[in-house]
Amino acid sequence: MSTAKRPPSRPIRDFVISRSLSGLVSLILVTALIFIGTAMLPGDTASALLGQNATPAALEALRQDLRLDDPLYLRYFGWFWDVLHGDLGVSLASGRPVSEVLLPRLQNSMLLALVASLFLLPVAIGGGIAAAIWKDSWFDRALGFTSMLFLAMPAFLVGYILIYALSVRMGWFPSMSVAPLMGGVGPWVKVLALPVLALVIIGQAHTMKLTRTAILSVLSTDYILMAEVKGISRRRIILLHALPNALSPILSISILTVAYLIVDVVVVEIVFSYPGLGKLMVDSVAYRDLTVVQACGLFFALIFVAMNFLADFLAMLANPRQRVPARGAV
Amino acid sequence: MMTEPVLRIDGLKIAAKTTTILEDISLQVQRGEIFGIIGESGAGKSTLAMAVVGLLRSGCQRKAGSVTLAGNDLFALPQPELERVRRRKVSYVAQSAAAAFNPFYRLSDQITELAALELGTPKAERHRMAAKLFAELQLPDPENFGKRYPHQVSGGQLQRAMIAMALINEPDLIIFDEPTTALDVTTQLEVIRLIRKIVSDRNCGAIYISHDLAVVSQLADRVMVLRHGKIVETGETRALIENPQEAYTRDLVANKTTTSAAQVAGEAQATVTVQGLAAGYSGVSTISGISLDLAAGKITALVGESGSGKTTLARTIAGLVDLHAGQMLLKGKALPGRIEDRSPEARRRLQYIHQLPDLALNPRQTVRDIVGRPLTKFGGLRGAALEAALQQLMRDVELPESFLDRVPGSLSGGQKQRICIARALAAEPDVLICDEVTSALDPLVEESIIQLLLRLMGQRPLSILFITHNLLLTQRFAHEVVVMKEGRIVEARPAADLFAAPQEDYTQRLLAATPLMERGWLEARLHANEATN
Amino acid sequence: MRNFGFIAAVICFALLVLAAIFAPLLAPYSPSEPVHMAYAAPDKKALLGADSLGRDMLSRILFGLRYTLGIALSVSILAAGVGVTLAFLAAFRKGWTDLLLGRLVDAVMSVPQIIFALVVLAVAGVSLPVLILTMAVLEATLFYRVIRPVAGDIVAMDYVEVARLRGEGIGWYLFREILPNAAPTLIAEFGIRIAYAVLFISGLSFLGVGVQPPDADLGGLVRENALAISVGQLSPLAPAVCIALITLSVNGIVDWFIHKYSVRGELG
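Residue numbers (my numbering), protein chains in the order written: chain Z, 1 to 330; chain W, 1001 to 1533; chain F, 2001 to 2268.
Keep in mind the hints are simulated off the structure, nothing from the lab. Just so you know, even glycine gets a beta-carbon here, dropped at the ideal spot from N, CA and C.
Simulated pairs of lysine-lysine, DSS-like, Cα-Cα distance not exceeding 25 Å:
| id | chain 1 | residue 1 | chain 2 | residue 2 |
| --- | --- | --- | --- | --- |
| 1 | W | K1331 | W | K1377 |
| 2 | W | K1017 | Z | K135 |
| 3 | Z | K135 | F | K2260 |
| 4 | W | K1063 | W | K1017 |
| 5 | W | K1333 | W | K1377 |
| 6 | W | K1013 | W | K1230 |
| 7 | W | K1017 | W | K1230 |
| 8 | W | K1230 | W | K1063 |
| 9 | W | K1017 | F | K2260 |
Distance windows between CB atoms, simulated:
| id | chain 1 | residue 1 | chain 2 | residue 2 | range |
| --- | --- | --- | --- | --- | --- |
| 10 | W | K1013 | F | N2003 | 26 to 34 Å |
| 11 | Z | R235 | W | G1235 | 42 to 50 Å |
| 12 | F | P2180 | W | E1398 | 22 to 30 Å |
| 13 | Z | P71 | F | L2133 | 25 to 33 Å |
Full structure from sequences and hints, please.
In structure tokens, the structure reads:
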């Protein structure tokens, strides 16, 4: 295959351009939604935020800070401009720059997601592939049953069962994941163990189901039947005829799983008091620290959009029908 | 050695959970012989083809009988042995080449996979093998053809590439499962020629499965007629065509024998007139310079291969395509290009029947709702009058009145198309546009629908525009024939004149490429082709 | 096996709904009065024990069930109404309507649901109407995403073209052609969305932005009693198990329905 001349890379370029544009449009719409939402506070924003006993001077300072006297669209562009320059404003609760509050939490969230995906992806994708290959076997049925069970469970139920069993009863891990400031790898393992385990249990069902569906749809195609008719062994059919075609959906499923692990884990972070971005956001909602909530929302959206883009991009690279133009030179 | 058949099937019976799919099938295929299998949809052709390589679809079971391929009793072999026989002794050419090629790999790699597996042939050598086969199969640029992905080549080329794949292991038997059904007639002729040549050059056996008796009669040495999973009859091709023993076979043969068209005397008035028409989607005209008249009481056949623009023209008249130039008249009155601009009266007068009745009938409505709606909307019928009209329409399309309470899902393809016709007639139209209305149906059903249309024409003053890809089919009933190619009208003349002496080169080629059952047709075509080449 | 699961799911769901409806009759105590010792362990008097204020857990769960089911149901009905209407309209009109709605839905969906809800609730403050409305908007986008392609497929059918050739009005398209054919998908999706809404409202309440104290839905009950877990009490798990039972039984019913009517789509 290496002997072939490379085809003109137009489909890839077209994809990147069009998807970047649509991703950008989504982001602008989202930031506008977040911003307008923030601006639509009933009553006077500043006094609502600071409460009834605020001094006039403090109110005026906050007004200026939030540009509350400007028209809405100007405030949006101003905010957007600042964001583009890395200025996320100041936390209303602590007075520290938002970026300073946010970045360490983001790192923690990423670490949790990364470690969880390291365990989750092989288990879930391997399980999904196996379930599809041995469709309707006891293994497939058992996986289907546990998937159904875990999909129905609220995340905190899984979390608390783990805490009760492994922390309260066994005493193997701390129930609270307060991050150690130093001390190397050992303490981190203890901190991460339970949240990671919870995420793997909660997340695997969905990923496994998607993988199983993707493989089954490949296995039911005419070209797999053709390979069977040609007398290719079952092993070779699965490894060389089916899996490469399932690569594209599996890549995309994997990336979206990671995105889910970064973003959709707020509840797990709260259960274990893990100091991630999700917990920061929930805590900030409680304090009505709007600038931080705004910034968290922005980052989550950004990550989500970027991961979706990456998922589609990798899926495209793994699919010759999308990657190689239909007409034109070989 | 000639006495030992390549394939022998003895008393094969295959059943699914509740139904028997194949019953008591026995046949033999010799080296150098093409064995034809003919049958309508649901006859069990594909199950039989799979059984020949020892494969059963999930849920199916072999109840009795055996399949012996090149001396191997397939259903007695352990899986690895069975796979080895498949790799070495037999090949399969499927109907849909586009679906049968793995989209992930380049053609050359897929086609030569067995050579790599069985002989360990190195890549460069395999590439040369493939290129040689591509050249033999007259594929363009054989050196580089194999470097393409399946989605990069046309359907006809892919079909030939699949034949190349079937030849790579030098099999004793090749199964051709409707390999030309998806192709245009001119492409079909090429593929038929190749199949003929391959079998005689390589002295292998072949099974050719089709629903088209004409194609099979030209290719096969012997033919088996299959129906509802049972053998109707088997025989030498010539004997079977010229002297069929069974009623079903006689119907099949009679269906394809040409009869002359019934001519209506006198000058008829035009119902629809089209002048200088150009139309298409999003600003691009896919058809242009179209002028034609549809005469009252006459059938105008609109013929062309895929991509000729025949359906676009039909849909333009129906008001579904953007009109770019020209004008249309209905009974002398201007007919707007957009359906939305047309009066209820114009909508009523012009009715359109779709190709696939499955998609044209709302599965959640009863036949009564479906056929009753135009009666209510256009005729204002209600209550007893509506019921009487419904029953009359069912009689007109020769269906029992009890069908009024059925839903489309419980009807056969032919019955569904009759419901579509009834719905169109309910509007009491002047013009009926029939868009390939029989091409999805089995030959005998197709015949019955055409007979129905002819009878209906005798009862009421209809003009019919009959769109089809099958030029020969129209010879039997069309009064006028319009041949289209690449968005333009090539030839438009009274059917009798056109079939007596086609003027245009393209019409002649189209006519020549449509298979007949007559003896020696294929040889004559091949001679003619060689002469022009 | 599937039928057995279906029957079990129907019975389970029916019992939960009945329990919610007749909560005032069934509850042994008032859900808001301290009647036991704080953190009382389950016994004959308090079947599921008591919370930190000594309120009866079983009574609180029965009333919490009302909140959870009531909110999930109203959210799903509202979301189905909006999402499905817009999806039909987009499929039928195509062009700008379709493009605009598609973009908007994409934008809303490009923010994870829980994050979106947190932002809105942080800003607008937590109240029952805001909660239901926010969830309904988010759920409506999911309805839209599932129903739009289904409606698109139906609109592309030749029988819809026949209706167009005949000159039918929009009411005929929507209610005679599209809706009957989309109904199985719609019903299945409605079930899936109810299960999802139950998990969603439970999650929000667990995070403290759902139903506000002193009232509590099932998720809120878990939040209130979370601390008891670390001292070895299992009482907060009871409402959580209740949530799982709701979603499990709804999913069981939907699963049966999907197989019975071979609807495209999947759970989760």
